[in-house]
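Those protein sequence lines, which keep their order, are chains F and H. Counting from 1, position 230 in the first sequence corresponds to residue 237 in the numbering used here; the numbering is continuous, with no gaps. Counting from 1, position 127 in the second sequence corresponds to residue 134 in the numbering used here; the numbering is continuous, with no gaps.
Because the hints were derived from the structure by calculation, they are not lab data. The reader is advised that the hints may include incorrect statements.
The calculated lysine-lysine pairs, modelled on BS3-like cross-linking and capped at a C-alpha distance of 27 Å, are [to be verified]: (1) H/Lys26 / F/Lys151; (2) F/Lys173 / F/Lys218; (3) H/Lys129 / F/Lys218; (4) H/Lys127 / H/Lys145; (5) F/Lys210 / F/Lys151; (6) H/Lys218 / H/Lys25; (7) H/Lys145 / H/Lys26; (8) H/Lys127 / F/Lys127; (9) F/Lys139 / H/Lys25; (10) H/Lys139 / F/Lys127; (11) F/Lys145 / F/Lys128; (12) H/Lys151 / F/Lys119; (13) F/Lys172 / F/Lys149; (14) H/Lys172 / F/Lys151; (15) H/Lys128 / F/Lys173; (16) H/Lys151 / H/Lys128; (17) F/Lys173 / F/Lys151; (18) F/Lys139 / H/Lys26; (19) H/Lys25 / F/Lys127; (20) F/Lys145 / H/Lys173; (21) F/Lys119 / H/Lys149; (22) H/Lys25 / F/Lys128; (23) F/Lys173 / F/Lys139; (24) H/Lys172 / F/Lys128; (25) H/Lys149 / F/Lys129; (26) F/Lys127 / F/Lys218; (27) H/Lys26 / F/Lys172; (28) F/Lys128 / H/Lys26; (29) H/Lys129 / F/Lys173; (30) F/Lys128 / H/Lys173; (31) H/Lys145 / H/Lys119; (32) H/Lys129 / F/Lys119; (33) F/Lys151 / F/Lys139; (34) F/Lys127 / H/Lys151; (35) H/Lys218 / F/Lys139; (36) H/Lys151 / F/Lys129; (37) H/Lys25 / F/Lys129.
Predicted model, so just to flag it, every value in this text is computed and none were measured.
There are 2 protein chains.
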Amino acid sequence: TIVDRVKAALISKDLEGKKILISAGPTREAIDPVRYISNRSSGKMGYEIARAAEYRGAEVTLVSGPVNLDVPVGVDCISVTSVDEMAEAVFSRMETADAVIKVAAVADYRPKNRAEHKIKKKSHDMTIELDKNIDILKELGKRKTHQVLVGFAAETQSLAENARKKIEAKNLDMIVGNLVGDPRSGFGTDTNIVTFFHPDGRKEPFESMGKDQVAHELLDRVVGLMKVRG
Amino acid sequence: TIVDRVKAALISKDLEGKKILISAGPTREAIDPVRYISNRSSGKMGYEIARAAEYRGAEVTLVSGPVNLDVPVGVDCISVTSVDEMAEAVFSRMETADAVIKVAAVADYRPKNRAEHKIKKKSHDMTIELDKNIDILKELGKRKTHQVLVGFAAETQSLAENARKKIEAKNLDMIVGNLVGDPRSGFGTDTNIVTFFHPDGRKEPFESMGKDQVAHELLDRVVGLMKVRG
């Protein structure tokens, strides 16, 4: 909209010339041609970061799982479905990125065997065997050179503990923790209650904010981290 | 829109005074508060039938799983997520209905145990044990008295054989078979290639049609069945 473009024009272009790679949304892991395993990520948080980064002058690439959102103006969007597609799209674009922000809720597991045809209902119970998926964020942490790498941790409990573990295990520059389950925070909402966790142990808890505000707070930190890095 | 209302005004009101109950969309069966098992149903076919039935003068109740569609004007919509919610919503409304059209792609199985908290990623593989869900359509077939009962069969192979089996096993008055996998037929498309199967063995194959056209062809048959039934 015109309002959006005016807003964009008024914002400081502190990401001018920077390439930001963002992943968003869920992945879907097929059980058969009809059924799949997925998760409740709406993609809103990732899309708001993409929009905010574009406002601030960045060249933004968004790798998105299946969501029902409009791609923000000026953002290059690559649509993926499964974790393998997500991994390939992200890894092939990380090298040239100045920052990688992994918001996507990537499936940790996928069905060991994908049935070619719809599985017929049987009279008895069933079991789905799952293989562990590649940990995209961990792999990004291993491969990173100059990039600022930010992850997300959506938890239903022990947020600080899980966020701290992830920041170290995945070689992150920052992690955004959010406790899902609160009606103002998490799946499909327009607001979020987050805490930023830093590798030096600092944490920054926030009150409930619009996801667009969370996006700008996060990008403020990313700009700072890029400066430190030269 | 105005065009829609003009269209509605021009259509014969052959369902005036009739109550039609329609189920649409997928269900989601929770693995934990974040992850779920679902299927690729977009809900479009069911919503088009609801819209067409309302145009034709019916009092329409739509029981819908999670989809991204606008509820047609004049249609009463009950939103559900899981198969249990779907079953409860449908069974409690079937008695007063003149016709029940089950378009929803209800999950056949659900996780045996739903974890209260997000399951943490483990180092090894995993297994999800599944319980068989209630077969809503079969149960509707058992309970039906005066109602016209129509089901859908989405298959990736052996369509006629599976449709014929279902029509008998579930005591249906008609089943709409569609072969999914064809780009003009099935998930998320606006067109569909269907065959109507009748209990007496007749079948009516159609070319690719808009889902709105499929809806009207189907309702023509429902009107006919209601007349026979008095």
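Checked hints:
no. : hint                : verdict
1   : H/Lys26 / F/Lys151  : 61 Å, violated
2   : F/Lys173 / F/Lys218 : 22 Å, holds
3   : H/Lys129 / F/Lys218 : 30 Å, violated
4   : H/Lys127 / H/Lys145 : 37 Å, violated
5   : F/Lys210 / F/Lys151 : 23 Å, holds
6   : H/Lys218 / H/Lys25  : 22 Å, holds
7   : H/Lys145 / H/Lys26  : 21 Å, holds
8   : H/Lys127 / F/Lys127 : 31 Å, violated
9   : F/Lys139 / H/Lys25  : 52 Å, violated
10  : H/Lys139 / F/Lys127 : 12 Å, holds
11  : F/Lys145 / F/Lys128 : 38 Å, violated
12  : H/Lys151 / F/Lys119 : 40 Å, violated
13  : F/Lys172 / F/Lys149 : 16 Å, holds
14  : H/Lys172 / F/Lys151 : 56 Å, violated
15  : H/Lys128 / F/Lys173 : 12 Å, holds
16  : H/Lys151 / H/Lys128 : 46 Å, violated
17  : F/Lys173 / F/Lys151 : 16 Å, holds
18  : F/Lys139 / H/Lys26  : 48 Å, violated
19  : H/Lys25 / F/Lys127  : 34 Å, violated
20  : F/Lys145 / H/Lys173 : 47 Å, violated
21  : F/Lys119 / H/Lys149 : 37 Å, violated
22  : H/Lys25 / F/Lys128  : 33 Å, violated
23  : F/Lys173 / F/Lys139 : 17 Å, holds
24  : H/Lys172 / F/Lys128 : 13 Å, holds
25  : H/Lys149 / F/Lys129 : 19 Å, holds
26  : F/Lys127 / F/Lys218 : 42 Å, violated
27  : H/Lys26 / F/Lys172  : 57 Å, violated
28  : F/Lys128 / H/Lys26  : 31 Å, violated
29  : H/Lys129 / F/Lys173 : 13 Å, holds
30  : F/Lys128 / H/Lys173 : 12 Å, holds
31  : H/Lys145 / H/Lys119 : 22 Å, holds
32  : H/Lys129 / F/Lys119 : 16 Å, holds
33  : F/Lys151 / F/Lys139 : 23 Å, holds
34  : F/Lys127 / H/Lys151 : 25 Å, holds
35  : H/Lys218 / F/Lys139 : 39 Å, violated
36  : H/Lys151 / F/Lys129 : 24 Å, holds
37  : H/Lys25 / F/Lys129  : 36 Å, violated
Comparing the model with each numbered hint stated earlier shows that hints 1, 3, 4, 8, 9, 11, 12, 14, 16, 18, 19, 20, 21, 22, 26, 27, 28, 35 and 37 do not hold.
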